[in-house]
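**Q** Sequence:
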Amino acid sequence: MAGVEMFPRGFGNVAFVLVAYCFLNFWMGFQVGKARKKYNVPYPTLYAIESENKDANLFNCIQRGHQNSLEHMPMFFLLMVLGGIRHPCACVALGSIYTVTRFFYFTGYSTGDPKNRLTIGKYGLLPLMGLIGCTISFGISLLRGKSLSVVYLSCGFAFLNFPCSSIFSVFMFCV
1 MAGVEMFPRG FGNVAFVLVA YCFLNFWMGF QVGKARKKYN VPYPTLYAIE
51 SENKDANLFN CIQRGHQNSL EHMPMFFLLM VLGGIRHPCA CVALGSIYTV
101 TRFFYFTGYS TGDPKNRLTI GKYGLLPLMG LIGCTISFGI SLLRGKSLSV
151 VYLSCGFAFL NFPCSSIFSV FMFCV
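Numbers 1 to 175, taken from UniProt numbering, label the letters of the sequence shown in order.
These are computed hints drawn from the structure, not numbers from a lab.
With a cut-off of at most 25 angstroms between alpha-carbon atoms, the simulated BS3-like pairs for lysine-lysine come out as follows: (1) Lys34 to Lys54; (2) Lys34 to Lys115; (3) Lys115 to Lys54; (4) Lys54 to Lys38; (5) Lys54 to Lys37; (6) Lys115 to Lys38.
Assemble the whole structure, with the sequences as input and the hints as a guide.
**A** Following this line, the structure appears as C-alpha cells:
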C-alpha cells in the first residue's frame, strides 16, 4: 500500500487515459489489418507501392495514420506519467483531449487525403504542449527539493474540494 500512497489522489485516472490510448491504438492496428486484406497488401510490406497497387495511396494513408500515432506514443506516455504526478487532473483532461484528436487525425488520414488529418487532428499539439508544461512543472518542483507529499499538499485544494472532471480543478493545476 505504501507505493500507492506516493501518488496523488486522482493519479489513477491518468492510468485510465493511457489505457484508452492503448485501445485506440489497437483499433487503429485493426483498421490497418482490414486495409491490408481489402487492398491486398501482404505482410511484411509496410507501405504499398503505387506501381504495383492501384490502391496504394489509400492503404498508405491508413498505415501512416497508425504509424504516426505509434511514433508519438512513447512521448505521450512519458509526459502523462511524469506530469500526472504533479498535475493529475490537468493531465487527465489534456490526455483525454489528445486521445480524441488522435482518433480524428487517424480517421481523417484514412480517407486517402492526407490534408484531412488536420481538420481536428491538428489540435493535438495543444494538449501535448500542456502536458509538456505539466511535466516541466513537475521537474521544477523536484529541483526545488519539494517532496511528493509537499507537492501534493501545496496543490491538494483542488483535489479536496472539486472532482477531477471539474473545469476549475483543471485550471488550478495548470498554474
